[in-house]
Amino acid sequence: MENTMQAVPQNWYLLLSTFMFCIGVMGVLLRRNAIIILMCIELMLNAVNLLLVSFSSYAGNAEGQVFVFFIMVVAAAEVAVGLALLVSIYRNIASTDIDILSKMKW
Amino acid sequence: MTQTIIQTSNLYLPTILIPLLPLLGFFINALFGKKLGHTSGWIATAVLFGAFACSLFLFLNLPAGGSETITISNWFYFKNIFVPFAFLIDPLSITMLLVITGIGSLIHLYSLGYMHHDEGFSRFFSYLNLFIFFMLLLVMGNNYLIMFIGWEGVGLCSYLLIGFWFKNQAFNDAAKKAFIMNRIGDLGFIIGMFMMLFYFNSLNFDTVNIGALKLGMGNMTIIYITLFLFVGAMGKSAQLPLYTWLPDAMAGPTPVSALIHAATMVTAGIYMIARSNVLFSLAPHTLDVILIVGTATSLFAAVVGLKQNDIKKVLAYSTVSQLGLMFAALGMGAYESGMFHVVTHAFFKALLFLGAGSVIHAMGGEQDMRNMGGLGKYIKITFATFLIGTVAISGIPPFAGFFSKDEILATAFEHNKVIWGLLSFSSMLTAFYMFRLVYLTFSSSFRGTDEVKHHIHESPATMTMPLIILATCSIIAGFIGLPTILSHTHLFKNYLASVFAQSKLIMPAGHEISHSMEWILVGTAVTLALVSIAFAYQKYVMQKHVPAADEKLKGISKVVANKFYVDEIYNTVFVKPIMLLSDLFLVVVDKLIVDLLVHAIAFITNQIGRALRLLQTGHVGFYMFAMVISMIILLAVQIFVVI
Chain E
1 MENTMQAVPQ NWYLLLSTFM FCIGVMGVLL RRNAIIILMC IELMLNAVNL LLVSFSSYAG
61 NAEGQVFVFF IMVVAAAEVA VGLALLVSIY RNIASTDIDI LSKMKW
Chain A
1 MTQTIIQTSN LYLPTILIPL LPLLGFFINA LFGKKLGHTS GWIATAVLFG AFACSLFLFL
61 NLPAGGSETI TISNWFYFKN IFVPFAFLID PLSITMLLVI TGIGSLIHLY SLGYMHHDEG
121 FSRFFSYLNL FIFFMLLLVM GNNYLIMFIG WEGVGLCSYL LIGFWFKNQA FNDAAKKAFI
181 MNRIGDLGFI IGMFMMLFYF NSLNFDTVNI GALKLGMGNM TIIYITLFLF VGAMGKSAQL
241 PLYTWLPDAM AGPTPVSALI HAATMVTAGI YMIARSNVLF SLAPHTLDVI LIVGTATSLF
301 AAVVGLKQND IKKVLAYSTV SQLGLMFAAL GMGAYESGMF HVVTHAFFKA LLFLGAGSVI
361 HAMGGEQDMR NMGGLGKYIK ITFATFLIGT VAISGIPPFA GFFSKDEILA TAFEHNKVIW
421 GLLSFSSMLT AFYMFRLVYL TFSSSFRGTD EVKHHIHESP ATMTMPLIIL ATCSIIAGFI
481 GLPTILSHTH LFKNYLASVF AQSKLIMPAG HEISHSMEWI LVGTAVTLAL VSIAFAYQKY
541 VMQKHVPAAD EKLKGISKVV ANKFYVDEIY NTVFVKPIML LSDLFLVVVD KLIVDLLVHA
601 IAFITNQIGR ALRLLQTGHV GFYMFAMVIS MIILLAVQIF VVI
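Quick mapping for you: the protein sequence lines, in order, are chains E and A. Just so we're aligned, residue 1 is where the first sequence starts under this note's numbering, counting upward by one. Just so we're aligned, residue 1 is where the second sequence starts under this note's numbering, counting upward by one.
Worth flagging that the hints you see were computed from the coordinates, not collected in a lab. By construction, the Cβ of each residue, glycine as well, lies at the ideal position given by its N, Cα and C atoms. Check before you lean on any hint, since a few could be wrong.
Over 12 Å on every C-beta distance to chain A, these chain E residues come out as not near it, computed from the model [claimed, not checked]: (1) Val28; (2) Leu30; (3) Ala34; (4) Ser56; (5) Val87; (6) Leu101; (7) Ser102.
With beta-carbon atoms standing in for the labels, derived distance ranges [to be verified]: (8) A:Thr617 <-> E:Trp12: 23 to 29 Å; (9) E:Val74 <-> A:Phe625: 23 to 29 Å; (10) E:Val74 <-> A:Ala611: 48 to 54 Å; (11) E:Glu78 <-> A:Ala611: 32 to 38 Å; (12) E:Phe19 <-> A:Ile601: 47 to 53 Å; (13) E:Val74 <-> A:Val628: 17 to 23 Å; (14) E:Val74 <-> A:Thr617: 25 to 31 Å; (15) A:Val628 <-> E:Phe69: 25 to 31 Å; (16) A:Ile633 <-> E:Glu78: 49 to 55 Å; (17) A:Ser582 <-> E:Lys105: 22 to 28 Å; (18) E:Tyr58 <-> A:Ile633: 26 to 32 Å; (19) A:Leu615 <-> E:Val48: 24 to 30 Å; (20) A:Ala611 <-> E:Val48: 32 to 38 Å; (21) A:Ile633 <-> E:Val74: 42 to 48 Å.
Just chain A, with the same shape it has in the complex (with noise of 0.2 Å):
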């Protein structure tokens, strides 16, 4: 054990070098971004199809089913703990090395287009890498340590990129926000893992998997392990209560948004859940709180979206609420439909998020689509890619989001009929919002200043293309999920299945919906859609409905707008309190007592000073005078005074 024990597999390279090309095109962009002006942006562009190069050749080489432990280094011992730094490479980071490294190169290539006139243009790349290095760790540890400095990373790379225009100050309170939220939450991530070592002494998966079958189904202990890393997943997958981070996160970036907002960095906290799952399988109560939790967030932010005006608010509410939708498939146990979902969801929230970037883009920055309209002529791909990115969130068949969400539901309703149907009931109101969005901002005509007109222009290839590819995905990335009445293969839950396998002997497996039922909740979901798409076609498209100006709102509706005023009980609840607190302590700790102490410690040895420095008189006899004298009283106290 004590050796570095050499790496034989053709893996090997490959796998080391996915977290470290971008670590290198961080250096390179932080140290000489200056200099190297917009080349930095396609060398840091560069890395990240490596990476994704890299993740496809593990993708083609792992056999299926398969896992393996690439060991960098024996890290550190600790008495009978032991962590190595190693990866795992199994298909789950494979799935999420994919979708991070692919989704994340593309997000790069649009950055060069919409950064392009940014004075930040290498600074914002190199945080990029700087995140994508931090977000690849966090997936491909094979214990919790490493996937904790990961799960840091990421949360100050965000905390950096929301406050990347740092000029606004409240830009900057959305990313101390963002901070703070995220460490509440991994304050229950650490409890976790304190947890795992002392019981099991080990934070490897399997070691730690190990431990737990041997304490048992229900036992106390994995229910508290599992309910404070679910805390932790909480905050950085923003479900109720520790949400409000992200619809503020939106101040960075829009690529920011798409990248580390909607695609990855929310998703951590499912992939934590998915790799643990033996654990949480193994806590069924933990599971049925991330089942609440989860349908409650999800239904929660689908009514705040409903009210939005911000185009980037919408889409941040609807990926609390999709991220709820995930939680919920977890909860089930269902973990490789939450996984499904998350990779689809990362297409098409990307793809949306992009195309938000690229109207704001066109429009000069403006945001509020009460000024938007009409702009479907003028902004063509964008105005398609986007179509299709709503479709595909909205449940319309063949599209992406179809399928997985398809899958949860019938999940659900297996499961359990009242969460069916609050889940059906938030993806009809996602599918009205975001219908919302789209006729607001692209049909009828325009209602904004003829200057902002004039300024419309459809974005250049480096943005358009990345839509382009994302649309290609929404559309197609469903087909490897099909359901069991279209297809008896479900290529994904095949390739992950070696992963889910333990927990599938643990948890009883729930008996099969039957084909018709299946046929019934697919109809009943498409048609719960397509109403609600109609009701958003008639009031938005029909009535030429605009919402109205902020102080006309009134009523529920004014609730909704505000949010349900969560925020503002936030700040009444625990920020003031504790900004009163530190007032508090500021005056009677600091001002009264510490600083009385040190002033106290100052005077006397003043005074002192004062006093004794009246002793140096400036003659020399006298200072003879008292050397001779302390020599005669040292003499006699060595003489007469016995020691």
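Only chain E is shown next, with the shape it has when bound in the complex (with noise of 0.2 Å):
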């Protein structure tokens, strides 16, 4: 297990989660559908994830791995409020176009 992980090394890993961290960054500031948006920041969540998940292998220690079970978990219940509230939203304007909700303003 340990040998697959340290197959490649680890400046490739994190060469790797910063690009998905920063496609995800890309895709939130400059996508406007809200569906696209919300899997940008699980893209950028699974970024963090990976570069814990490897530095965890690297140091021999076993917390940063049990650390990303639990982000997963933070982000299923995120994804499903998200989603619910998307939802719901559809339901109203008949649209998921972020630039259509502007109606929260001074």
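Put the two chains together into one complex; each comes in its own frame, and the hints tell you how they fit.
This is the structure:
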């Protein structure tokens, strides 16, 4: 198990997770569809998860992996709430475009 | 010292019951008065009779010349200052206790009749009970702080009761005036207390006395302390120049005038000085000041009393005048004579006020003597008792007022002939205006309207009973202090001797005046009184003179009738400048500076908010953009800025 993880150098993991995180950020900033934005947020979370697992593996410490499980559980709950909100928004305005949702302002 | 001392004395229970009973009565009346209706008044009266019984028990059981300290709790420590909550039971406090509870219960009884139709019946009795409670604290405390609690408390109750009919604005003003005037005096008391704390580290009477004795005769510290205490006494006991509240205080219901503004509360100042007699004896200059102020007040008030037409105002000024007489006695170091006059005065002045109340009751609220006359035929009991009170205050033997007044005059004669002359003159004026009051009210024929005449009736038994009891006391109370020419034992002086023993050691004893001289003094005083009574008889009965309407007065009598314009002078000198100053502060400080600051802060916040709220665009994309940018900035700060 450890060997499989450590088959590639740790830098690669770092680069991959940075890359994933940036994709997530760009998606959140640039896309207008709320579902895509939600998915991009997941992408960022998972980039961090990957980082945690790799560090945990290289450091020989299981705490990082335990933490990842917690993040997954919380993310699942968050997605459930987020999707529920999106469903109810879609029922009201027949769209998931965040630019339409601009009523709450000064 | 730290653990509470367990009292084994058999006086413990009655002592704590004395203040507790009226307090209980107050709570019952204040909380359940409305439900109880007229029963509440009977409860209030009953607790007072209970307190009187306890006072009698103390009087009978305290060993002669003894004194006992009953500690309820160790109140507080602060550094080296220790203030216990303790009562001092000695002949002086027992004298006051008997007067307060005795006359107080009679006046409660009287109020049952007098206030019967008033809608604030139970409120009235709750205030009265509260007043008695505070007054008892005042005279029972074994240190100045407890005395001060009572001192402030009676001031509060006086305020509440003067403004009892609070729908009348003039009455409210009178109440406020009394309160403010008293506060001026209280400031003196407080300063005196702080000085005692500073120099003697204690407020207990004994400790302060010991400390003062160490400082010795004529020490400036003691002179200042006593002067400040005297300022307090001036306010409470209505002496020049703080007397103006007392005549206005007559706005309250008449039993209040009798109880608070004649018999008990106003004598608090005299009690306080008598209680601090060691301090005052060590400060001869203060005593001189007291003597002068007392004499001046006595004379001034007597003169003003000559021209008053309101039946209660006459009595009010006569109270001020008699208080002046008592202060003059204290100023000569004759503490027991002053206290003696307090006791006799309490009887006959309460009687006079209650009698006046009965007259007002019969007249359906009318107080102007010019509209009375001939009432003697209709309200016989009131007339008889009122006459006894008048004779007593005028100093005709063998009524109570004669003995106490004679004692003060004899002391004055031995002390200073001028003072004696002034006080005798003031007593003579007293006899004149009191009989003027009697003649105008009770003799010749009725001057009011027929409607009022039809209404005149004798008061109910609850009102006449106290009158009769007080009249009896006014006749016999003087015999507890017979002058030396009649008896070798002065019961009252002997009873109080232990309280003033130390002062007698400090003060140089005056030489006794000879018996023949005293006979001459007595003769002079009585003759003067009789002459002025005859003069009043000649003017108001033979010539049927009726005081002119206010606007017809001219010259000196107009000045006197307007009380020498003292109220107006105070208005111009003190009230108006303060009002102007407050207007100035209102416009300049409050409106201009404070308001400007507050409004400026509100304005700035508002403007910033106006600008910043534009950031809330409603576009989710923008928010997320801001979030990411902020995070990048935070990261950059963490990485590049070394904190």
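Hints versus structure:
With a cut of 12 Å on Cβ distances, Val28 of chain E falls inside the contact zone with chain A, its closest approach being about 5 Å. The beta carbon of Leu30 of chain E is not kept farther than 12 Å from every beta carbon of chain A, the shortest such distance being approximately 9 Å. For Ala34 of chain E, the condition that its CB be more than 12 Å from all CB atoms of chain A is violated, with the nearest at approximately 8 Å. No Cβ of chain A comes within 12 Å of the Cβ of Ser56 of chain E; the nearest lies about 23 Å off, and the non-interface call holds.
No beta-carbon of chain A is positioned within 12 Å of the beta-carbon of Val87 of chain E; the least distance is around 17 Å. With 12 Å as the threshold on Cβ separation, the claim that Leu101 of chain E sits away from chain A is violated: the shortest Cβ distance comes to roughly 6 Å. Not every CB of chain A lies more than 12 Å from the CB of Ser102 of chain E, the least distance being 4 Å, so the non-interface label is violated. Look at Thr617 of chain A against Trp12 of chain E: about 41 Å separates their beta carbons, and that is not inside 23 to 29 Å.
Between Val74 of chain E and Phe625 of chain A the beta carbon distance is about 25 Å. The supplied range of 23 to 29 Å therefore holds. Evaluation of the 48 to 54 Å hint for Val74 of chain E and Ala611 of chain A yields a failure: the beta carbon distance comes to about 38 Å. For the hinted restraint 32 to 38 Å between Glu78 of chain E and Ala611 of chain A, the CB-CB distance of approximately 34 Å keeps it satisfied. The hinted window of 47 to 53 Å between Phe19 of chain E and Ile601 of chain A holds, with their beta carbons roughly 51 Å apart.
Here the CB-CB span from Val74 of chain E to Val628 of chain A is close to 21 Å, well matched to the stated 17 to 23 Å. Between Val74 of chain E and Thr617 of chain A the CB atoms are about 30 Å apart, so this pair conforms to the stated range of 25 to 31 Å. Between Val628 of chain A and Phe69 of chain E the beta carbon distance is about 27 Å. The supplied range of 25 to 31 Å therefore holds. Remark: the range hint 49 to 55 Å for Ile633 of chain A to Glu78 of chain E is contradicted by a beta-carbon distance near 25 Å.
Range check, Ser582 of chain A to Lys105 of chain E: Cβ separation about 49 Å, and the 22 to 28 Å hint is violated. Range check, Tyr58 of chain E to Ile633 of chain A: about 31 Å between beta-carbon atoms, so the 26 to 32 Å window is met. For the hinted restraint 24 to 30 Å between Leu615 of chain A and Val48 of chain E, the CB-CB distance of approximately 29 Å keeps it satisfied. Between Ala611 of chain A and Val48 of chain E the Cβ separation comes to about 37 Å, which falls inside the hinted range of 32 to 38 Å.
Take Ile633 of chain A and Val74 of chain E: their Cβ atoms lie about 26 Å apart, and the range 42 to 48 Å is violated.
In this structure, the hints that do not hold are numbers 1, 2, 3, 6, 7, 8, 10, 16, 17, 21, in rising order.
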